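Asker: Now for the letters of each chain:
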Amino acid sequence: MGDKYKTESLKCWDKAKEIRLNYYKNFAEAHEKGGLRWAGGAWSFDAIPAGLGDDVYPLTGEPYAASIAWNKDFALKCHEAVEKAGYARDLCSYMRNYWGSILLNKYAFGGDFPKPDFIWQDHICCSHAKWYQVARDLEGKDIPMYCIDVSIGPFEELTDNKLDYVVGQMHDGIEWLEAVTGRKYDDEKLIRAVYDHCRSESVWAEVCALNKTIPAPLDEKTMYSLYVHGTLNKSSKVVADFYEELLDEVKDRVKRGIAAVANERCRVMSDTQPPWAFLNVFRYLEKYGCVSVGSLYTFGLIGMWDIKEDGSWGPRKTPQEEGIEIKDRDQALRILASWELNKPEWQHFYAPQLKSEMMIRIAKEWKLNGVLLHYNRGCEGLSLGIAENRLALKEAGFPVMIFEGNMGDEREFDETQTMTRIDAFMESLGLEK
Amino acid sequence: MTVVGIDCGAKNVKALILEEDKILAKSSVLSGFDQKAAAQEALDLVLKDASLKKEDLAHITATGTGKEEVGFSLGTITEVGANAKAINSLFPSVRTVIDVGAEEGRAIKINDKGKVIDFAINEKCAAGAGTFTETMARALEIKLEEMGSLSLKSQKAVPMNAQCAVFAESEVVSLIHAKHAKEDIVRAVHDAIADRIASMVRKIGIEKDVALVGGVARNIGFVDSLKRDLNLDLLIPDDPEFSCALGAAFAAAEKAKGG
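Just so you know, the sequences run in chain order A and B. If you're matching positions, the first sequence starts at 2 in the working numbering and goes up one per residue. If you're matching positions, the second sequence starts at 21 in the working numbering and goes up one per residue.
Just so you know, not all the hints are guaranteed correct.
Below, a sample of chain B positions facing chain A; criterion: calculated Cβ distance under 10 Å [stated by the list, open to error]:
hint : residue
1    : T85
2    : G101
3    : A104
4    : E124
5    : R126
6    : K135
7    : V136
8    : I137
9    : D138
10   : F139
11   : A140
12   : I141
13   : K223
14   : G225
Okay, derived cross-link-like pairs now, BS3-like style, lysine-lysine, Cα gap no bigger than 27 Å in a straight line [said to hold, decoys possible]:
hint : chain 1 : residue 1 : chain 2 : residue 2
15   : B       : K277      : A       : K434
16   : A       : K116      : A       : K131
17   : A       : K288      : B       : K135
18   : B       : K163      : B       : K199
19   : B       : K135      : A       : K395
Hints are computed from structural coordinates only; laboratory data are not their basis. Treat the numbers as computed from the prediction; the structure is a model and nothing was measured. Glycine residues also receive a C-beta, built at the ideal position from the N, C-alpha and C atoms.
Could you put the whole structure together from the sequences, leaning on the hints where they help?
Answerer: See the structure below:
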C-alpha cells in the first residue's frame, strides 16, 4: 500500500521527553534543593500548592502508575507485592502499581521511592478516595493529607451553592497547606498558576481540534506522550509554554499537509486509558492505513472545550482571552473550580449519556469511520457505562469494536486476541493490510 | 477454478477444496503443538482425496487462530469474515451467525450481501467454548460424543452458577456428590455454556434467521440448550465445523478472480 501523504517526526518530541523526565527527577531531588514534594492525583487542583513556592514539586499518581505499567517487569513486581500485602487484584491497576512502588521502595525513575511531604488529592472516583489513604498508611502515617470532594454533579447543573462547596474546601486547603508546611502562601503565585492552568488546557484542546484535519497531523499513540504533561503539572508555565510550542508545530503540519500516518485512509478513536504495555496496538492499526485520531480521554482529560458559534467543539477561551483579570485568592479559586468542574472527562461520572453525547460529537466532527472501545478492567471510573456508550455510538451509525484489557496490569490483556479482533474489524470496514 | 480454504483452529485444522461452488473434498486433523505441520497434513490429505496437486490450485486462503502459521497460504481472512461468506452462501436468509469452536465463541451480524455489520467474541475465558464441554466431560467421566444424547434424556433442570470453567468443574463434582443424575448435570453444563453464548449474541442483537456453526454445533445437547435460551430455531449446516474453511475457500476464489 503506497503512502498518500508526507509524514515527519515531531520536532518538539525530544523536548516533550525532557520535560517529563525533569518532572520526575525534580520530585525525587526536591529535598536536595530545599524544596517540598507533594503527591496526589492527576485530577487534583495543582495550581493551589503552587502558591507555596516555585520549589514545590508534585508527583501525580496516574501518569506515574502508567509509567510503571509500560515497564512490564517492574509492573509485575508491583502487582505481586500488592497482592502479597493482601490487596485484591481487581482494584484500580494504577493504584496497585503506585502502592507496589511504595511497598518495594523502588522509584520507577531510579532510587528509593521518594515519599511526599504532604498529599493533595481530590475525590473524583471511589478509587481516588482511598488511594492516598492507603498510600499514606504504607508510607507512614505522619504524612499529612488533604482531599477535596468534587462530587457536585454534572457541570450543566452547577449552582452557586455547589461552587461555594468546592471553593470553600479550597480556601480551607490553603490554610491547611500553610499549617503543614510552615510556609506563607503567595496569592500571586496562585494567580499565575491559575492562568497557566487554563492556558495549558485551552491550548491542548486547540491541538486536539487540529486533528479534525484530513490527514490527521497527530496519531493517538503520539498524543499519549504529549497529553501526559497536562496530567503531570497542568498549572506550570513549563507545560503551558510547551503546549504553545506544540500548537505552533501542529498548525505548521496542517498547513503543509503532514500526516501522522502516511497511508491514512481510515480514522477511528479509542476510549479510556489504553493498555500501556501494548501501545503497539496503535501501530498495528497503521498497517491498515488506520489512524486513531484521539479519544474523549486524550481530548477531554486535559483539554477544555467549548461549543463555538458554528456549533462545533473548539478550545475554551482562557480568562485572559475573556479579558478577565484575576485580582485575589477567592477570584482565582472560583475561576479554577468553575473551569475544572466543566472538564469533559469528569461529566460521565454522573451519567453515561453525557459521555455518549461527547463521543458522538467527536465521531462526527473528527470524521471517524469507527470506534475502538477498551473495556478497561483496570479503571472502573472511566469504564463505567462504556457498554452504553457502545450502544449509543452504534445507534448513531458508527461501527464499534470492543476489546478487553487493563491499562496497568498486562495479565488481563490478550495481545493476540486483540490483534485478531482488529483484523476482523478492519476487514468489516473493507480494509486490507 | 479450484481453490482451498484452510481453517487453522485451536484444536483441529480443517481444509476444504472448492471447485466453482462444489466442494470436492474435506479433511480435518488435530492441530497439536505444531500447527504448521498440521496445516500441511490437512492440505496433503485433502489434495489426495480429490486426486489433485498443489499446482492445480488457483489460490489458498487461511483462516483461524493459527492462520499466520499456514506458510503455504496466499492470503488470509478472519474467522468472522469467513463465517459471514460461508453462511451467506449456504443460508442467504441468515442475519446472525453463532460460531462456537474449541477455543472461542463468536457472534456475527451480517447483511443480505454477507457483509459483517457487527461482531462479538468471547473474552479470555473457556466458559463460552467447546473446551469447557470437554473439561466437563472429563469431570463426569463420559465421552465427549455422549454428552449430547445424554443431555436430551434429562428430566430436570439443575442450575449451575459458576461463571468460570475451573469453578464449574468443582461445581460439577459437587453435583455428582449430591447424587444428581448424570444426564441432568450434562444438561446443566450445556445450559451454562448456552447461557454465556446467548448473552454474547444479545450484545450484537439477534436478528433472524440465525445459524449455528463450529464444532460444538455437532453437540445436540448444546443445540437444544441454545434453542431454548434464545427461544428460536437454529439453521445448522451439514458440516458445521467446516464453515470457516468454506468461507476461506470463497475468499480464495474471489482472490483468484482478482477480487
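Asker: Would you mind marking each hint as holding or not holding in the structure?
Answerer: Status of the hints after comparison with the structure:
1. T85: With a minimum Cβ separation of about 7 Å from chain A (threshold 10 Å), the hint on T85/B holds.
2. G101: Holds: closest Cβ of chain A sits about 5 Å from G101/B, inside 10 Å.
3. A104: For A104/B, the interface hint holds, since the closest Cβ of chain A sits about 9 Å away, which is under 10 Å.
4. E124: Holds - the Cβ of E124/B comes within 10 Å of chain A, reaching about 8 Å at its closest.
5. R126: holds (9 Å)
6. K135: Given a least distance of 7 Å, the restraint on K135/B holds.
7. V136: Given a least distance of 4 Å, the restraint on V136/B holds.
8. I137: holds (8 Å)
9. D138: At about 7 Å, which falls below the 10 Å cut-off, the nearest Cβ of chain A leaves the hint on D138/B intact, so it holds.
10. F139: holds (6 Å)
11. A140: With a minimum Cβ separation of about 8 Å from chain A (threshold 10 Å), the hint on A140/B holds.
12. I141: holds (6 Å)
13. K223: holds (8 Å)
14. G225: Hint holds; G225/B Cβ to chain A Cβ min 9 Å, cut 10 Å.
15. K277/B with K434/A: holds (19 Å)
16. K116/A with K131/A: holds (18 Å)
17. K288/A with K135/B: Cα-Cα ~22 Å, so holds.
18. K163/B with K199/B: holds (20 Å)
19. K135/B with K395/A: holds (16 Å)
In terms of the numbered hints stated before, the structure departs from none.
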